[in-house]
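First to last, the protein sequences are chains B and F.
Residue 182 in UniProt numbering sits at position 182 of the first sequence, with consecutive numbering throughout.
Residue 244 in UniProt numbering sits at position 244 of the second sequence, with consecutive numbering throughout.
Treat the hints with care, as some may be off.
The list makes no distinction among identical chains, and a pair is therefore deemed to hold if it is satisfied within one copy or across any two copies.
[Stated by the list, open to error] Within a straight-line C-alpha distance of at most 27 Å, the following computed DSSO-like cross-link-like pairs (lysine-lysine) qualify: (1) K275 <-> K115; (2) K222 <-> K271; (3) K115 <-> K233; (4) K115 <-> K222; (5) K322 <-> K115; (6) K322 <-> K302; (7) K294 <-> K271; (8) K141 <-> K302; (9) K141 <-> K275; (10) K77 <-> K296; (11) K275 <-> K114; (12) K141 <-> K233.
Bear in mind the hints are in silico, worked out from the structure with no lab data behind them.
In this text the structure is predicted, and so the values were computed from the model without any measurement.
There are 2 protein chains.
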Amino acid sequence: MKDMTDMIIPTYQDMLDAHERIAPHIRRTPVRTSDYLNELTGAQLFFKCENFQEPGAFKVRGATNAVFGLDDAQAAKGVATHSSGNHASCLSYAAMRRGIPCNVVMPRTAPQAKKDTVRRYGGQITECEPSTTSREETFAKVQAETGGDFVHPYNDPRVIAGQGTCSREFMEQTDGLDMMVAPIGGGGMISGTCLTLSTLAPEVEIIAAEPEQADDAYRSFKAGHIIADDAPKTIADGLLVPLKELTWHFVSNHVTDIFTASEDEIIDAMKLTWKHLRVVMEPSCAVPLAIILKNKERFAGKRVGVIITGGNVDLDTLPWIKGD
Amino acid sequence: MKDMTDMIIPTYQDMLDAHERIAPHIRRTPVRTSDYLNELTGAQLFFKCENFQEPGAFKVRGATNAVFGLDDAQAAKGVATHSSGNHASCLSYAAMRRGIPCNVVMPRTAPQAKKDTVRRYGGQITECEPSTTSREETFAKVQAETGGDFVHPYNDPRVIAGQGTCSREFMEQTDGLDMMVAPIGGGGMISGTCLTLSTLAPEVEIIAAEPEQADDAYRSFKAGHIIADDAPKTIADGLLVPLKELTWHFVSNHVTDIFTASEDEIIDAMKLTWKHLRVVMEPSCAVPLAIILKNKERFAGKRVGVIITGGNVDLDTLPWIKGD
Numbered sequence: 001m002k003d004m005t006d007m008i009i010p011t012y013q014d015m016l017d018a019h020e021r022i023a024p025h026i027r028r029t030p031v032r033t034s035d036y037l038n039e040l041t042g043a044q045l046f047f048k049c050e051n052f053q054e055p056g057a058f059k060v061r062g063a064t065n066a067v068f069g070l071d072d073a074q075a076a077k078g079v080a081t082h083s084s085g086n087h088a089s090c091l092s093y094a095a096m097r098r099g100i101p102c103n104v105v106m107p108r109t110a111p112q113a114k115k116d117t118v119r120r121y122g123g124q125i126t127e128c129e130p131s132t133t134s135r136e137e138t139f140a141k142v143q144a145e146t147g148g149d150f151v152h153p154y155n156d157p158r159v160i161a162g163q164g165t166c167s168r169e170f171m172e173q174t175d176g177l178d179m180m181v182a183p184i185g186g187g188g189m190i191s192g193t194c195l196t197l198s199t200l201a202p203e204v205e206i207i208a209a210e211p212e213q214a215d216d217a218y219r220s221f222k223a224g225h226i227i228a229d230d231a232p233k234t235i236a237d238g239l240l241v242p243l244k245e246l247t248w249h250f251v252s253n254h255v256t257d258i259f260t261a262s263e264d265e266i267i268d269a270m271k272l273t274w275k276h277l278r279v280v281m282e283p284s285c286a287v288p289l290a291i292i293l294k295n296k297e298r299f300a301g302k303r304v305g306v307i308i309t310g311g312n313v314d315l316d317t318l319p320w321i322k323g324d
Numbered sequence: 001m002k003d004m005t006d007m008i009i010p011t012y013q014d015m016l017d018a019h020e021r022i023a024p025h026i027r028r029t030p031v032r033t034s035d036y037l038n039e040l041t042g043a044q045l046f047f048k049c050e051n052f053q054e055p056g057a058f059k060v061r062g063a064t065n066a067v068f069g070l071d072d073a074q075a076a077k078g079v080a081t082h083s084s085g086n087h088a089s090c091l092s093y094a095a096m097r098r099g100i101p102c103n104v105v106m107p108r109t110a111p112q113a114k115k116d117t118v119r120r121y122g123g124q125i126t127e128c129e130p131s132t133t134s135r136e137e138t139f140a141k142v143q144a145e146t147g148g149d150f151v152h153p154y155n156d157p158r159v160i161a162g163q164g165t166c167s168r169e170f171m172e173q174t175d176g177l178d179m180m181v182a183p184i185g186g187g188g189m190i191s192g193t194c195l196t197l198s199t200l201a202p203e204v205e206i207i208a209a210e211p212e213q214a215d216d217a218y219r220s221f222k223a224g225h226i227i228a229d230d231a232p233k234t235i236a237d238g239l240l241v242p243l244k245e246l247t248w249h250f251v252s253n254h255v256t257d258i259f260t261a262s263e264d265e266i267i268d269a270m271k272l273t274w275k276h277l278r279v280v281m282e283p284s285c286a287v288p289l290a291i292i293l294k295n296k297e298r299f300a301g302k303r304v305g306v307i308i309t310g311g312n313v314d315l316d317t318l319p320w321i322k323g324d
């Protein structure tokens, strides 16, 4: 872990600047409610549908902030990242909107659909072997060749400031909240939430939701330092990555609690949401509802904001349907 | 067909009254767009998400208008209908909100999920055999016993006035439309759309979308009189019923065109919408996008409103996934 003095911690003003910068390029996503899910949980739930962003995930906020914050000289060289998930497509999308190059290093084993989406948004993919060594070597080479600005999926102050704009909208769209729940993987969304709410509404409890089978943030939180797992495995495949120093800063300072849910609980909550909210969302987004259902007494009678983080799902293989 | 003099044709004022009456009980559903679907079709598409109504369908508008328009004496006896679809659950939902009885006659072969939903909303189900004779006999008996006011799923002026409120909101939420496309079964939504737009925005073309395999409205439209099919079969199971005199009045006077789509085209459009709009919707709601994709030249460059009519889907058997 780097020394704190190395880190640039984004500020509330950075979040406000980010919001102004990205507003023309992102959607102010709607907030949905369900009487049925309220009755089931005993809480009053508000769901912010970031799955309705054009590229299907909240990550377009941070990516757009990074891309549109570049000066013209850097912008000409474009951006670069390594990711096989929503950050790759969201960064490509943002770069496409600015008309600059985006280079993405992806394991050759990444799903074809993910590669197709990146390419649809004009992203240039360089494939690596599915190992950390290969990814780092390949990425260093790509960056040296292109000079693209590295936009980390979450351990980047511009990205965290961008993600923080979601909670700002959410607070404007609801008449006060007691708690905010978001899934935690690398911690980008949770960090943005902490950044915004710690100034805007410090009375709101911030709860992170994590899969039992990838509970490194939970264990880090209990231990008081970052614990990174080696290759965790969960259906919530947006939540596999570990905390890094910047996100740990926010998690350790501002998160009230982290709760975990099992694979079955996640799948049940996912199906419940599809059925009653009628939105298509990823397994990762179901972890918050899963932990609310599992810890009802903690949420009962409260006004609870839930961030639905993304909606890019392989519709051919849904976890509750047994295939051939 | 009854003589025109028997019919009570709802007026624009009836729609305005309906909107005031139902506003506390329904959702003002959001309008969604997708850059991807715009590029694919060459049109500018706006989707009104009536699948986001609490009971999952636009039919809550008409049902609520009928239920809350009853005087207290009639209300005490409740309402009654025959339906195995969204009208049954939406009428039960509206009756529950007013605290009055709702009796529903349903074929004993109706899906268990549909029965469960009606019961969850306090509806009382009387089962009949899956034949028109049995349904009519059973319904007559139930109505005689309960005195419940018959609320037809679509051939009822209160219902059509209620459905018309959807287009009024839609016009408020968009900055002008050139066309409005909705699926057509019995014609309740299309009739409400005609009722509203023929006064509010007569320049908007009204297009109905119908499955090829249940194209009785299309053939009626071409023939100039109602043609009813005997037991059509399509995946768009919300569109199986025929036009009746009231809906025929609106369709024959105000609809510009009816287009049809094949089963495969409907399934493709359904999957496309789930993937890119990230909403859970019924096969019936995919018929509009299917006919737009099939007749691109007719819609290119136009601002087109599409009504997503319902989102009550059996998530265990999606049409593009082959089961065991």
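Same-copy or cross-copy closeness of K294 to K271 [CA-CA at most 27 Å]:
Answer is within: at 16 Å inside a copy they meet the 27 Å cutoff, but 32 Å across does not.
Check K275 against K115 for me: Cα-Cα at most 27 Å, and say if that holds within a copy, between copies, both or neither.
This pair counts as between: shortest inter-copy Cα distance 16 Å, intra-copy 29 Å.
If the cut is 27 Å between Cα atoms, do K141 and K233 qualify within a copy, between copies, both or neither?
neither (29 Å within a copy, 58 Å between copies)
First find the shortest C-alpha distance between K275 and K114 inside one copy, then the shortest across copies, and answer within, between, both or neither for a cut-off of 27 Å.
both (25 Å within a copy, 13 Å between copies)
Within a copy, between copies, both or neither: where do K222 and K271 come within 27 Å Cα-Cα?
Neither: 30 Å inside a copy, 43 Å across copies.
Can you tell me if K322 and K115 fall within 27 Å by alpha carbon in one copy, between copies, both or neither?
both (25 Å within a copy, 25 Å between copies)
Given identical chains, is K115 near K222, meaning Cα to Cα at most 27 Å, within a copy, between copies, both, or neither?
neither (37 Å within a copy, 47 Å between copies)
Up to 27 Å CA-CA - K302 versus K322, copy category
neither (36 Å within a copy, 42 Å between copies)
Up to 27 Å between alpha-carbons, please classify K115 paired with K233: within, between, both or neither.
within (21 Å within a copy, 39 Å between copies)
I want to check one pair: K141 and K302. Are their C-alpha atoms no more than 27 Å apart within a copy, between two copies, both, or neither?
Neither way: K141 and K302 sit 50 Å apart in one copy and 47 Å across, limit 27 Å.
Under a CA distance limit of 27 Å, which applies to K141 and K275: within one copy, between copies, both, or neither?
neither (46 Å within a copy, 34 Å between copies)
Given identical chains, is K77 near K296, meaning Cα to Cα at most 27 Å, within a copy, between copies, both, or neither?
neither (50 Å within a copy, 38 Å between copies)
Taken one by one, the earlier hints fail for this structure at numbers 2, 4, 6, 8, 9, 10, 12, listed in ascending order.
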